[in-house]
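Once you've looked at the hints, dock chains B, C and D against the given chain A.
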Amino acid sequence: MAFSKNQSEVDEGLKGELAKKGVVVTTINQLYNWGRQSSIWPMQFGLACCAIEMIATACARYDIARFGAELFRPSPRQSDLMIVAGTVTKKMAPQVVRLYNQMAEPKYVITMGACSIAGGPFIDGYNVLRGIDRYIPIDVHLPGCPPRPEALLYGLMELQKKIQSQEIETTEWYQKGMKREYPVPDFGPHGLVPKFNPEVWQPRELDHRKDKYGEPILIGRKTKAPDLDAPLATPPVAQPPKPQTA
Amino acid sequence: MIFGTGIIKGMLVTLKAFLASYFKGPHEGGIFTVEYPEKRLAEKERFRNFPFLLYDQTPENLRCVACDICAKECPPKCIYIVRDFDKEGRPLKRPAIFDIDFTVCMNCGICEEACPFDAIFMDHEFEIAGPDRQNKMLYHRDDLLKSNEYFNKIRPTDAGAIDARRREAEEKKKAAAAQAVKAKTTQPQPEPPKT
Amino acid sequence: MMEKMFEVQDPVNHDTQTLQVNIGPQHPSTHGVFRMNVVLDGETVVSLKPVMGYLHRNHEQIAENISYTASMPYTDRLDYFNSMSNNFAWALAVEKLANLDVPERAQYIRVIMAELTRLVNHVSVIGFLLNDLGAFFTPVLYAFREREKILDIFEEVSGARMMCNFLRFGGIKRDLPAGTLERIKEVIQNFPKFLDEFETLLTKNEILCMRCQNVGVLPAELAVNASITGPMLRASGVNYDVRKADKYSIYDRFDFKIPLGQTGDVYDRYYCRVLEMRESLKILQQALRDIPVTGEIISKKMAPFVKAPRNFKPPVGEAYGRVEAPKGELGFYVVSDGTPQPWRYHVRAPSLINLTILEDLCIGHKVADAIVILGSIDIVLGEVDH
Amino acid sequence: MNLQEIQSKIEAALPGIRLKPVRESLLIEDAAMLPKVAAFLKNDPVLALDYLSSVTGADYLKYLESVYHLYSVEKKTGPVVLRVRVTRDSPRIPSLVPIYRGAEFQEREAFDMYGLYFENHPDLRRIFMWEGFEGFPMRKDYEQEDSEILETADIEWLDRHGAKVPEGMRKKAADLKAQGKRAVAEKTGKSIE
Numbered sequence: 000m001a002f003s004k005n006q007s008e009v010d011e012g013l014k015g016e017l018a019k020k021g022v023v024v025t026t027i028n029q030l031y032n033w034g035r036q037s038s039i040w041p042m043q044f045g046l047a048c049c050a051i052e053m054i055a056t057a058c059a060r061y062d063i064a065r066f067g068a069e070l071f072r073p074s075p076r077q078s079d080l081m082i083v084a085g086t087v088t089k090k091m092a093p094q095v096v097r098l099y100n101q102m103a104e105p106k107y108v109i110t111m112g113a114c115s116i117a118g119g120p121f122i123d124g125y126n127v128l129r130g131i132d133r134y135i136p137i138d139v140h141l142p143g144c145p146p147r148p149e150a151l152l153y154g155l156m157e158l159q160k161k162i163q164s165q166e167i168e169t170t171e172w173y174q175k176g177m178k179r180e181y182p183v184p185d186f187g188p189h190g191l192v193p194k195f196n197p198e199v200w201q202p203r204e205l206d207h208r209k210d211k212y213g214e215p216i217l218i219g220r221k222t223k224a225p226d227l228d229a230p231l232a233t234p235p236v237a238q239p240p241k242p243q244t245a
Numbered sequence: 000m001i002f003g004t005g006i007i008k009g010m011l012v013t014l015k016a017f018l019a020s021y022f023k024g025p026h027e028g029g030i031f032t033v034e035y036p037e038k039r040l041a042e043k044e045r046f047r048n049f050p051f052l053l054y055d056q057t058p059e060n061l062r063c064v065a066c067d068i069c070a071k072e073c074p075p076k077c078i079y080i081v082r083d084f085d086k087e088g089r090p091l092k093r094p095a096i097f098d099i100d101f102t103v104c105m106n107c108g109i110c111e112e113a114c115p116f117d118a119i120f121m122d123h124e125f126e127i128a129g130p131d132r133q134n135k136m137l138y139h140r141d142d143l144l145k146s147n148e149y150f151n152k153i154r155p156t157d158a159g160a161i162d163a164r165r166r167e168a169e170e171k172k173k174a175a176a177a178q179a180v181k182a183k184t185t186q187p188q189p190e191p192p193k194t
Numbered sequence: 000m001m002e003k004m005f006e007v008q009d010p011v012n013h014d015t016q017t018l019q020v021n022i023g024p025q026h027p028s029t030h031g032v033f034r035m036n037v038v039l040d041g042e043t044v045v046s047l048k049p050v051m052g053y054l055h056r057n058h059e060q061i062a063e064n065i066s067y068t069a070s071m072p073y074t075d076r077l078d079y080f081n082s083m084s085n086n087f088a089w090a091l092a093v094e095k096l097a098n099l100d101v102p103e104r105a106q107y108i109r110v111i112m113a114e115l116t117r118l119v120n121h122v123s124v125i126g127f128l129l130n131d132l133g134a135f136f137t138p139v140l141y142a143f144r145e146r147e148k149i150l151d152i153f154e155e156v157s158g159a160r161m162m163c164n165f166l167r168f169g170g171i172k173r174d175l176p177a178g179t180l181e182r183i184k185e186v187i188q189n190f191p192k193f194l195d196e197f198e199t200l201l202t203k204n205e206i207l208c209m210r211c212q213n214v215g216v217l218p219a220e221l222a223v224n225a226s227i228t229g230p231m232l233r234a235s236g237v238n239y240d241v242r243k244a245d246k247y248s249i250y251d252r253f254d255f256k257i258p259l260g261q262t263g264d265v266y267d268r269y270y271c272r273v274l275e276m277r278e279s280l281k282i283l284q285q286a287l288r289d290i291p292v293t294g295e296i297i298s299k300k301m302a303p304f305v306k307a308p309r310n311f312k313p314p315v316g317e318a319y320g321r322v323e324a325p326k327g328e329l330g331f332y333v334v335s336d337g338t339p340q341p342w343r344y345h346v347r348a349p350s351l352i353n354l355t356i357l358e359d360l361c362i363g364h365k366v367a368d369a370i371v372i373l374g375s376i377d378i379v380l381g382e383v384d385h
Numbered sequence: 000m001n002l003q004e005i006q007s008k009i010e011a012a013l014p015g016i017r018l019k020p021v022r023e024s025l026l027i028e029d030a031a032m033l034p035k036v037a038a039f040l041k042n043d044p045v046l047a048l049d050y051l052s053s054v055t056g057a058d059y060l061k062y063l064e065s066v067y068h069l070y071s072v073e074k075k076t077g078p079v080v081l082r083v084r085v086t087r088d089s090p091r092i093p094s095l096v097p098i099y100r101g102a103e104f105q106e107r108e109a110f111d112m113y114g115l116y117f118e119n120h121p122d123l124r125r126i127f128m129w130e131g132f133e134g135f136p137m138r139k140d141y142e143q144e145d146s147e148i149l150e151t152a153d154i155e156w157l158d159r160h161g162a163k164v165p166e167g168m169r170k171k172a173a174d175l176k177a178q179g180k181r182a183v184a185e186k187t188g189k190s191i192e
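Chains as they are written, first to last, in numbering that gives the first Met the number 0: chain A, 0 to 245; chain B, 0 to 194; chain C, 0 to 385; chain D, 0 to 192.
Isolated chain A, as found in the complex (with noise of 0.2 Å):
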């Protein structure tokens, strides 16, 4: 079993990790992260058809009571995380940077759904935002449109698996200087002002569908448009494809 094996690697780790730091330390770290883990907040925040998804998961079928994060909460100053759950369209994105940056630490970010992650189907619009994490750090990217509420529950679980892995002397949040507030983007003329905050991230080396269709898909600009006053024609059949070559 996949579970058992998980077990022991963990056990192995901490072998390593009583060796190093002794018993005081090591207990602590896990009683900090289990409290952490099993009482995650998350902001009641929905931006678009992920967030339905998002409320259906809150609902008595799957119930995320269970992991001990029904506690959707209206404030950002009161959660922990935040699931932007929804297309961030550039209109929206200062609003959601913003309340990143009112959250509490520590605070973690789960974008559900494709256009969260990278605009998903809505990548080429005028308005749409490639990704929130063009502005601020996310923790698990969780793709599907939109992804069923077990995904969800799943994405959480990662979170979860984060949340473990993290160490009170080395999380973030404990050190000096360190920056966890990213600044708002202002509307420009065109767009954001920036179009992304190059510390947060930067475009992909390897980009296909930029290299095969250019930016937006805009497939061939068009260049005639229909001439509705023209008389009524017999409509032309319209034309069945050519056969399949196989």
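One should not assume that every hint holds.
[To be verified] Dumping the calculated DSS-like pairs for lysine-lysine here, alpha-carbon to alpha-carbon at most 30 Å:
{"#": "1", "chain 1": "C", "residue 1": "Lys246", "chain 2": "D", "residue 2": "Lys41"}
{"#": "2", "chain 1": "B", "residue 1": "Lys92", "chain 2": "B", "residue 2": "Lys173"}
{"#": "3", "chain 1": "B", "residue 1": "Lys43", "chain 2": "C", "residue 2": "Lys281"}
{"#": "4", "chain 1": "D", "residue 1": "Lys170", "chain 2": "A", "residue 2": "Lys209"}
{"#": "5", "chain 1": "B", "residue 1": "Lys8", "chain 2": "A", "residue 2": "Lys211"}
Since the hints were derived computationally from the structure, they do not count as laboratory data.
For chains B, C and D alone, coordinates are given in the frame of chain A:
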């Protein structure tokens, strides 16, 4: 004037629901929760999440012929295909690169619908999550490959129908070939008149 | 001295300042990313300006650059509660454009799916309305339990819970799997029981009555003039339903009534939805009774394009197809230029247009009522902002 | 009542109006006449087109267009489709809001997306995009920004906020500025067709 009868009635409904949760089944008003990681809902056969590529028997024997139809039909254009070439530079009927960007895919199932070779299908796997989106969420050909047995397991009805159809087509082809061979051996075909 | 301290000023000529409050875009009661720019005098709404666009996903621009069939999954994401009715409207528009006919069985399946969608939508909307009223999450739990049962059917039929992408021009994508009709029947049989329970929980609840009755009254003339559609129009007592007016698809074969409200307040809107669900159940029962056992599911004209949707090129022309979506009249205006992509694609989004009178309804009410009125309009931001 | 009858009826009631049937619709050649036609259609006891279903802007390259779908709630008939054409240089159309309240948001939408300027509209602002957005994104000649190339404004902003910017990006932005260009998204690859 409020008597509160409506409120009391409402409270009774919740009380009834609370008591029913101990005695009744999930569809009669009892506990409706599916405790996900341990228990799972029965998978619907047509459930579609992300696409996968199908191969027969061995992974080298994949059905995709790199015709690029799915890439063109894909509404958000998340599929990228490059045809494979042999050493002499002749195009082969298989993809060298077949990438699907899971961060763009919208799970619509149009690739499956449009594929003329029964090569791409929608998977039931939904437990995909991770911290790295730039590299891990771009699925390459080898990550996407799944066997026909797997397909038969997750979607028996569709897989059965497709297999039967393919077998039939193959037999027809074989029979036609046999017929042609037979015709050739027994009676040489007259050459078509040149025009 | 003491008397002076407690001297009460003239309550009528109280010198107060108005207060400007932004509700949203991140606010639990705005149903997504919607902003209301409210000016308050005390707690009374003096002016209210809706600000939208926080979910403007450029639906129209994208649809003008992809093929007709490829727009189908995008329409799912317009009003993400009701993907089937969105599909239906888009399919109707293109069928008008290309002059396609739809086989009998497909028509029935379309109607069944559209009416199931109406159940899903109305039940969730009532849940959310109660959420806005302060009955936090309990009605939603009941509503979503029922919703899940119907979503199971959608998943079985189309493969996805919310984004069904099931209808095609001239028919539907696939025939129903074996045994689905029985399961639909089962759900429909149990649904009235749930509705009764839901109504016992809510309809005569004194708090609900007090909060909803005579709040946000919409007069019939204003409703028609402001192009309000859907349950909201009918709650004001206007007998207009696209299903009856246009008789699209096969709705003329079913016997159902149009529930009408009397005062046009929030309570009527709530109750109209409950009654509409009951009428939907009637339609469903008749459709399930009459549905042909087997038959074509896609018209012969479209059959060659099933495997190659990109080759589908409707003739030059324009068409406007509309359906009675759960939120109101959903229309698609499409202009074809004879290429695989439409020249113009426009969505007549009921949620957006129903918001026109939000300010009129809210003025004079308390800010808490403004939230309830917004909830009763039943908006989905995906559709408002398309 | 078919289109021809409606046309002759309008022509009889409003002398001097020029109408032209386009497919299933009536093109009002003088845009300024639109409110009169709409008011006539709304108040006419036979037609009673009291419900404006949809207002659509459209770009036909040579001209911009606004299309109106009118229905009758009272008689349950419709649609009667009206269309108005204006030039790209002066896209001024009289607003229908005084007659149909339902046009309010749809006209704002057409203004936002196509730059159709509706005169007498009570509150003509952008509805979906923010104030300060330049251009009309649904017009066929709108050029989208390239979202992966930083421009000088971005670099200045990042410097102001103390963010590190890689040298390559700085250089690219400077190059663009020297050429006097915007980072516009282009079709680099071959067409999909």
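Results of checking the hints against the structure:
1. C:Lys246 to D:Lys41: Holds, because 23 Å separates the two Cα atoms, which is no more than 30 Å.
2. B:Lys92 to B:Lys173: Holds: lysine 92 of chain B and lysine 173 of chain B sit about 20 Å apart, inside 30 Å.
3. B:Lys43 to C:Lys281: 28 Å, holds
4. D:Lys170 to A:Lys209: Holds, because 21 Å separates the two Cα atoms, which is no more than 30 Å.
5. B:Lys8 to A:Lys211: Violated: lysine 8 of chain B and lysine 211 of chain A sit about 63 Å apart, past 30 Å.
Violated hints amount to a single one, hint 5; each of the other numbered hints is respected by the structure.
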